[in-house]
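Line by line, the protein sequences give chains A and B. Counting from 1 along the first sequence, just add 25 to a position and that's the residue number in our numbering. Counting from 1 along the second sequence, just add 34 to a position and that's the residue number in our numbering.
Hint data in this document are derived by calculation from the structure and do not stem from the laboratory. Nothing here was measured: the structure is a model prediction, and the numbers come from that model. Backbone N, C-alpha and C define an ideal beta-carbon position, used for all residues, glycine too. Accuracy of the hints is not assured; some may be wrong.
Distance ranges between label pairs, derived from CB positions [stated by the list, open to error]:
(1) B:Arg114 <-> A:Glu409: 50 to 60 angstroms
(2) A:Val487 <-> B:Arg136: 19 to 29 angstroms
(3) A:Ser422 <-> B:Gly149: 44 to 54 angstroms
(4) B:Arg114 <-> A:Ser526: 42 to 52 angstroms
(5) A:Gln514 <-> B:Arg136: 26 to 36 angstroms
(6) A:Lys206 <-> B:Pro151: 27 to 37 angstroms
(7) A:Glu246 <-> B:Glu131: 19 to 29 angstroms
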Amino acid sequence: MDQIRKIREEVERWEKGYEVDSLPSAESEMGEPLKVLYTPADVAEADYLDRIGFPGIYPFTRGIYPGMYRKNLWQMRLYAGFGTAEDTNQRWKFLLASGNNGVGCAFDLPTQMGLDSDDPLAEDEVGRVGVAIDTLKDMEMMYDGLPLDRIASSFNINAPGAIILAMYVAIGQKQGVPPSKLSGTLANDLLCEYVSRGMWVFPPKPSLKIAADIVEYCTREMPRFYPFNIRGIVMREAGATMAQEVGYSFCNATEYVREVLERGIGVDEFAPRISFFFCSGLHFLEEAAKYRAARRLWARIMKEKFGAQKPASMLLRATGMIGGSYYRPREPETNLIRGAYGLLGNVLGGLQGMLHPAMDEPFAIPTEKTARLALRTQQICAYETGITETVDPLGGSYYIEALTNRIEEKIEEVMRQIEEMGGAVRAIEMGFMQKNISNEAYQTAQEELQGKRVVVGMNKFVIEEKKGEMTLHEFTPEVYEKQIERLEQVRAERRSSEVQSALDAVRSAAEKGENLMPHLIEVVKTYASVGEIMKSLKEVYGEFREPITI
Amino acid sequence: MRRKIRILVAKPGLDGHDRGAKVIARAFRDAGMEVIYTGLHQSPEQIINAAIQEDVDVIGLSILSGAHIGLSRKVVEGLRKKGVTDKVVIVGGTIDERDVQRLKAIGVAEVFGPGSPIDSLVNYVQGLFVNDRGPTV
Numbered sequence: 026m027d028q029i030r031k032i033r034e035e036v037e038r039w040e041k042g043y044e045v046d047s048l049p050s051a052e053s054e055m056g057e058p059l060k061v062l063y064t065p066a067d068v069a070e071a072d073y074l075d076r077i078g079f080p081g082i083y084p085f086t087r088g089i090y091p092g093m094y095r096k097n098l099w100q101m102r103l104y105a106g107f108g109t110a111e112d113t114n115q116r117w118k119f120l121l122a123s124g125n126n127g128v129g130c131a132f133d134l135p136t137q138m139g140l141d142s143d144d145p146l147a148e149d150e151v152g153r154v155g156v157a158i159d160t161l162k163d164m165e166m167m168y169d170g171l172p173l174d175r176i177a178s179s180f181n182i183n184a185p186g187a188i189i190l191a192m193y194v195a196i197g198q199k200q201g202v203p204p205s206k207l208s209g210t211l212a213n214d215l216l217c218e219y220v221s222r223g224m225w226v227f228p229p230k231p232s233l234k235i236a237a238d239i240v241e242y243c244t245r246e247m248p249r250f251y252p253f254n255i256r257g258i259v260m261r262e263a264g265a266t267m268a269q270e271v272g273y274s275f276c277n278a279t280e281y282v283r284e285v286l287e288r289g290i291g292v293d294e295f296a297p298r299i300s301f302f303f304c305s306g307l308h309f310l311e312e313a314a315k316y317r318a319a320r321r322l323w324a325r326i327m328k329e330k331f332g333a334q335k336p337a338s339m340l341l342r343a344t345g346m347i348g349g350s351y352y353r354p355r356e357p358e359t360n361l362i363r364g365a366y367g368l369l370g371n372v373l374g375g376l377q378g379m380l381h382p383a384m385d386e387p388f389a390i391p392t393e394k395t396a397r398l399a400l401r402t403q404q405i406c407a408y409e410t411g412i413t414e415t416v417d418p419l420g421g422s423y424y425i426e427a428l429t430n431r432i433e434e435k436i437e438e439v440m441r442q443i444e445e446m447g448g449a450v451r452a453i454e455m456g457f458m459q460k461n462i463s464n465e466a467y468q469t470a471q472e473e474l475q476g477k478r479v480v481v482g483m484n485k486f487v488i489e490e491k492k493g494e495m496t497l498h499e500f501t502p503e504v505y506e507k508q509i510e511r512l513e514q515v516r517a518e519r520r521s522s523e524v525q526s527a528l529d530a531v532r533s534a535a536e537k538g539e540n541l542m543p544h545l546i547e548v549v550k551t552y553a554s555v556g557e558i559m560k561s562l563k564e565v566y567g568e569f570r571e572p573i574t575i
Numbered sequence: 035m036r037r038k039i040r041i042l043v044a045k046p047g048l049d050g051h052d053r054g055a056k057v058i059a060r061a062f063r064d065a066g067m068e069v070i071y072t073g074l075h076q077s078p079e080q081i082i083n084a085a086i087q088e089d090v091d092v093i094g095l096s097i098l099s100g101a102h103i104g105l106s107r108k109v110v111e112g113l114r115k116k117g118v119t120d121k122v123v124i125v126g127g128t129i130d131e132r133d134v135q136r137l138k139a140i141g142v143a144e145v146f147g148p149g150s151p152i153d154s155l156v157n158y159v160q161g162l163f164v165n166d167r168g169p170t171v
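Please model the complete structure; the sequences and the hints are all you need to start from.
Given below as structure tokens:
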């Protein structure tokens with residue numbers, strides 16, 4: 026302690042002597058004041074073994090696995106899907122041939138909202154931001170030539186997530202692959218959709234019920250599959266701070282865990298299959314600290330609040346991605362550089378999977394060239410920089426440890442607010458998280474306008490450029506006609522009595538509060554459409570009404 | 035004194051990305067306009083009806099799903115069919131140069147692509163009302 030006091034005195038002397046104390050003040054991305062220099066005095070209270078410790082050992086600050094990337098590199102995935110199932114199948118094969126580990130499926134908006142392609146609301150959106158899936162037929166074509174026991178799939182879909190999972194099981198069965206051998210991840214995070222991104226259908230309560238059905242089914246039948254991928258990224262992209270991103274995610278996750286526990290499933294039975302998806306910005310040191318803080322806090326929540334015994338239940342398995350909102354439309358090549366810095370935050374933060382957006386992805390479906398460049402960014406980082414050799418290389422930095430502590434405190438503060446309100450569902454119904462996030466988005470926009478937050482090429486060092494520099498993927502309107510045609514053909518060929526009785530069984534299971542999964546697996550095999558199944562469920566569960574806040 | 039500019043900020047179609055819509059709604063409000071925000075998943079018809087009911091001067095459509103051509107056309111043509119000619123339609127979102135021209139041909143007054151500073155939208159709308167007689171476009 027004497028030494029710490031001495032360091033404090035010396036810091037003060039140094040600050041005055043070298044006029045460091047008169048330098049302009051600075052803030053972290055989260056808006057916290059930052060010092061010019063961090064010293065042992067800033068992390069004096071930290072007990073190394075207790076708070077930092079070893080990778081693979083509680084509280085996992087330094088990493089969830091002992092050997093980290095020296096043992097297993099992160100999973101490299103690209104998020105892809107557009108047009109019809111055949112278009113997507115081709116793009117996936119291209120990406121797998123370039124060295125992707127698995128497929129991350131992007132669905133179009135009608136599919137995400139549980140509407141068929143021929144729904145009047147869907148007309149302009151079919152196959153645009155992702156692939157259109159109406160029936161099992163589309164899924165079969167999308168996975169044509171892709172053996173499900175050899176590739177992992179990640180499904181970014183929430184409201185109709187259970188239906189998509191049922192289709193995955195059904196095509197597995199057709200390929201001769203039992204559910205127990207299927208691997209992959211389903212988002213299944215309905216709560217984040219109410220907060221931002223808006224792909225909600227049912228009210229929160231039945232949504233939680235369906236989420237728990239999925240987890241219950243996967244716990245019994247699909248041990249290799251991750252039934253939860255809690256999405257902080259969605260909220261961060263809408264404007265949330267790092268602390269809100271992690272804090273709200275943990276509050277949402279807490280609701281799911283409670284819901285599953287109420288079914289009498291032990292925490293150690295399903296918690297090892299919970300995963301997260303976060304967003305990184307360009308402040309990569311701060312992001313790395315965020316992931317360290319989040320790991321430590323999640324481990325503590327699972328252990329202390331939910332009584333988890335197995336270390337595997339306490340691990341924050343996470344995928345990360347630089348947020349598309351950090352990419353800019355001017356001089357689009359600069360996004361390659363932004364992407365690389367964002368990636369660095371994920372890697373220094375010790376994440377398990379990375380999705381990397383192509384430089385044009387926030388503006389259009391990436392071209393083959395930009396999609397491959399995104400993968401190359403990850404490959405160069407992994408194989409050419411040496412960053413993978415040592416675990417948590419930033420650990421022990423006075424600055425990083427101090428940031429980690431501070432971010433952890435801020436996340437806890439955010440969580441306390443929500444808990445005091447009665448939990449995430451209550452906070453969402455009141456529009457509380459939504460309001461806080463849009464406040465942050467507004468402030469960020471103001472700061473960019475005033476130049477307080479610099480964006481190179483946008484509000485500083487701006488050059489006049491010729492318009493339309495990006496060669497964007499052009500949408501083909503024939504997709505709509507092709508998709509409608511296929512849907513009509515499927516409807517004509519299937520046995521409608523079989524479809525109807527399977528739909529009735531789904532509705533009756535929903536009314537009785539039974540687990541929907543076995544019924545969904547049956548109904549998708551009759552080639553009932555996503556829209557038809559969702560309609561049966563809406564009749565029982567009703568639809569969400571959005572609290573409007575600006 | 036002329037009444038405040040009334041503007042409807044609307045999210046047509048299924049796109050749920052409302053960060054931009056909310057930010058711009060707030061910027062319009064802070065600039066002294068009366069802002070009505072529709073919330074998500076609105077059909078073109080709902081938007082047209084809201085615009086008429088709320089007697090707005092400007093309709094701002096926010097679309098980030100790529101569906102801007104079809105949805106904007108439905109709003110503009112729907113207004114025309116109802117004989118509504120006193121409302122200016124502007125569109126913001128992930129819209130590239132090619133589509134800016136297409137939207138203008140449909141009858142959209144102005145398009146704000148990605149990266150448009152928020153004050154450019156506020157200035158544009160205020161500029162429509164420089165004389166006291168209402169929209170000049």
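*asked:* Under the constraints set out in the numbered hints, which ones does this structure not fulfil?
replied: 3, 6, 7
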